[in-house]
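*Asks:* Produce the entire structure from the sequences given, and follow the hints as far as they go.
Throughout the sequence shown, residue numbering follows our numbering, covering 1068 to 1300 in sequence.
Keep in mind the hints are simulated off the structure, nothing from the lab.
Quick reminder that beta carbons are idealized off the backbone N, C-alpha and C, glycines included.
Label-pair restraints from in silico Cβ distances:
| id | residue 1 | residue 2 | range |
| --- | --- | --- | --- |
| 1 | 1132 | 1094 | 41 to 51 Å |
| 2 | 1127 | 1291 | 45 to 55 Å |
| 3 | 1132 | 1232 | 30 to 40 Å |
| 4 | 1291 | 1259 | 27 to 37 Å |
| 5 | 1140 | 1164 | 18 to 28 Å |
| 6 | 1233 | 1287 | 19 to 29 Å |
| 7 | 1263 | 1222 | 24 to 34 Å |
| 8 | 1235 | 1282 | 13 to 23 Å |
| 9 | 1093 | 1132 | 35 to 45 Å |
| 10 | 1235 | 1294 | 29 to 39 Å |
| 11 | 1214 | 1139 | 30 to 40 Å |
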Amino acid sequence: MKKDFVIALDGPSGSGKSTVAKLIAQKLSLIYIDTGAMFRAVAYALQHLEIDYSQKILSPADDEKINQFFHKHRFKYAPEIGVLITLDNLNLTDVIREHHVSKLASQVSKFKVIRTFLADWQREIVADREAILDGRDIGTVIFPNAALKIFLTASSEERAQRRFDELKARGQEDLDYNTILNDIKERDFEDMNREIAPLKKASDAVEIDSSGKSVDQMVSEVVNLWTSLKGNL
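*Replies:* Here it is as structure tokens:
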């Protein structure tokens, strides 16, 4: 079976996927696709459609409303020009990092109409180029034939502390550690128990626990695995 020359980096929220993936892309000259940012951008845009995303199943009318939105509006992923994601030329790079958008992204991610749109978008960007993508179902759904699959994890407490420090550094001080910890535990449960593309480790993925490890250590582990893999081809 033909392998896609892709590094699929999956794991729960706050495990360090995006930070690690960006550095790996730089070191290996790979295209980096921030799928989490894509989900947040779509969630941010769709929050104005007056749809209850806490429901388990969307009505046919809601499905159609979302499909019409995707047809009428244009998302663009363009980190090479310094703008991560735009919607109809509106820069969404900063607003999608707000905490409430992250929670909304978890809600909308369980619906097939949204996951299908995003999967097509991600595959279109990568085409046949070497790339690294981080997310929750890259190795199980988006690129099941990825040449290298990594499952990056850490304790919920460590992930909450990282998120808390990140928000504090951005000047967002209206959230406390316990609130963030509870949100992460809730998101883990939702991600692992949704019917469509749940968060899980691919059977052929290498698991890396990032607890207590520096970013450089995690990057080196993945870079060494990729270099060794390519050397054997």
